[in-house]
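Undergrad: For reference, the chains in residue letters:
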Amino acid sequence: MKRTAQTLKRRMHGVMFKFPGMITCNEFEDFILAYLEDELPPTRKRVFELHLRVCKSCRLYLAAYKRTLAATKASRKDYDELEASVPEDLIAAILAAKES
Amino acid sequence: MHGWLVNSKSVGTSSGERQMKELRLGQDQNSEVDFEQIVRDNIAWMLAVAQRILKDRSLSEDAVQVAFSKIYRNLDGFEGRSSLRTWMHRFVVNEALMLLRKQKRINEQPIDPLLPEFDHNGCRADDPFKLPKTSEDHLQSRQVREIMKEKIDALPDQYRIVLVLRDIEEMSTSEVAKALELSEANVKVRLHRARAALKKLLEPMMRGGAL
Numbered sequence: 001m002k003r004t005a006q007t008l009k010r011r012m013h014g015v016m017f018k019f020p021g022m023i024t025c026n027e028f029e030d031f032i033l034a035y036l037e038d039e040l041p042p043t044r045k046r047v048f049e050l051h052l053r054v055c056k057s058c059r060l061y062l063a064a065y066k067r068t069l070a071a072t073k074a075s076r077k078d079y080d081e082l083e084a085s086v087p088e089d090l091i092a093a094i095l096a097a098k099e100s
Numbered sequence: 001m002h003g004w005l006v007n008s009k010s011v012g013t014s015s016g017e018r019q020m021k022e023l024r025l026g027q028d029q030n031s032e033v034d035f036e037q038i039v040r041d042n043i044a045w046m047l048a049v050a051q052r053i054l055k056d057r058s059l060s061e062d063a064v065q066v067a068f069s070k071i072y073r074n075l076d077g078f079e080g081r082s083s084l085r086t087w088m089h090r091f092v093v094n095e096a097l098m099l100l101r102k103q104k105r106i107n108e109q110p111i112d113p114l115l116p117e118f119d120h121n122g123c124r125a126d127d128p129f130k131l132p133k134t135s136e137d138h139l140q141s142r143q144v145r146e147i148m149k150e151k152i153d154a155l156p157d158q159y160r161i162v163l164v165l166r167d168i169e170e171m172s173t174s175e176v177a178k179a180l181e182l183s184e185a186n187v188k189v190r191l192h193r194a195r196a197a198l199k200k201l202l203e204p205m206m207r208g209g210a211l
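Protein sequences, first through last, are from chains A and B. Position 17, counted from 1, in the first sequence is what this note's numbering calls 17; the numbers after and before it change by one each time, with no gaps. Position 120, counted from 1, in the second sequence is what this note's numbering calls 120; the numbers after and before it change by one each time, with no gaps.
Pulled out of the complex, with its shape left as it was, chain B reads as follows (with noise of 0.2 angstroms):
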């Protein structure tokens, strides 16, 4: 759990690591308040990670609770040679992947009807269209992003995972590899027959111009 690589894309907060090292080194007598005001600074983007990965909002404030709580036990592991937010994203991650597993309900359907089809020549069997145009902003609209939620969510769990992970969390492939224990080349396979399935299910979407 602890053999991470650090993801230097991850933002971070300078006044977060401050408040990290004043806490480790008062641990004993104002901890309380400094604790508190590190939960209270990144509780919402962690819950937004675990709920990204369990899709379950009880679930994911276990997973939050318990990852505090592994935070608090480990600040001497903290070095600063990530950012605080990087640190912390790797504990609410492997608690949201933890739960996951224990998890009955996951979702392991068949990702082939999803994926693109080709004829005995090798040839793109799947009907083609024709793209239109886009801006950034459209993308970013509330109406995209809950279009986006409601298909990532409608992936098999296997795949979901890594695309998550990759695409939205923006780690590595070696970090995704190690937190789900595969190997790199099948992280790659999974993330592109995600991506193929994905744009299946918004296929209707783009074509009527909503994506």
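Bound conformation, chain A alone (with noise of 0.2 angstroms):
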């Protein structure tokens, strides 16, 4: 029944996103990189946005997009604690090596 609903939904959406000034789920994703990073053109900005506003599928998804790299870019600290990890061994080596 859920799957029916959907399958409607998609039809009246793929039906919607043909109409002038709307793009599809599919142009949707080619230009999410280009919002987030505020490089799109106006006119192409407010499609981007009308979009978002009409389709939930992709509200969630740019929601799950915009969670993945706020993890990602969190990560970067994992790293940083690998200072109690550098073997001295390493130190010596490059300073014995430094002029080669």
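To be clear, the hints were calculated from the coordinates, so they are not data collected in a lab.
Once the Cα atoms are required to be at most 27 angstroms apart in a straight line, the calculated DSS-like pairs of lysine-lysine come out as:
1) B:Lys55 to B:Lys70
2) B:Lys149 to A:Lys77
3) A:Lys77 to B:Lys188
4) A:Lys45 to B:Lys188
5) B:Lys130 to A:Lys9
6) B:Lys102 to A:Lys98
7) B:Lys200 to A:Lys45
8) A:Lys77 to B:Lys133
9) B:Lys55 to B:Lys178
10) A:Lys77 to B:Lys178
11) B:Lys200 to A:Lys56
12) B:Lys102 to B:Lys178
13) B:Lys133 to A:Lys56
14) A:Lys73 to B:Lys188
Predicted, not measured: the structure shown is a model, and the values here were computed from it.
Join the two chains, each given in its own frame, into one complex according to the hints.
TA: Shown next as structure tokens:
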């Protein structure tokens, strides 16, 4: 039943996204990076945001995409915890080999 | 290799820059002591950068060793227009990328199965889900960071490297394009695909509220 409702909804969206000034989810996908980096021209940005307003799937998708990006940036901290594990013999080797 | 643009977002160390200036002035006398301090002050983050790219501790140590050797021989090239850390960053990234290219175990799995799917109308075919609320603190927790490392490392290398350099190392698109000898358009395509694939890999954790 849920599957049928989703299929019907997608068909309705498929028709709606063909209206002038509208884009499909597939086209929306292509604009995500430029949108997040504020590189979309004004007209395209309006079209992108209009799609975002009418398409719940893309709203949910974009939220998860942003969460992924935030978690990726936060993961940088993981590697900054290496300080305690720098071996002395590596430092000695660097100093010995610096002019080789 | 030397045609990089500087990354203004990188952290500068004024004491490090002072050290570098002193080291250049007295390169024939007390340079041993000064250079050792520069190594000690910077080796941890440089190892971290190499490990992010190479996923291998031993290879990362090799990359850092060669990078420091080149840094020492190119001290005159540091003009103070960028931070010392930014200047050193390019050496370790280049050495790590060079070692990665020499590796025969590069992960070249196709990324297509990890990309979003669309039906014939151009609508999303994937099952949408509502994202549970979370905090910035949670994203920085050790548990989440371990998940992220595992999933990022699982991406095909040609996409993983772009994501690491752009989203973790915070290099600009043009810097990444130069380092990888790609067009900027190609870097953007790969970055978006890498993020989308990583999102797919993280979905079970996001649906379950672990991320």
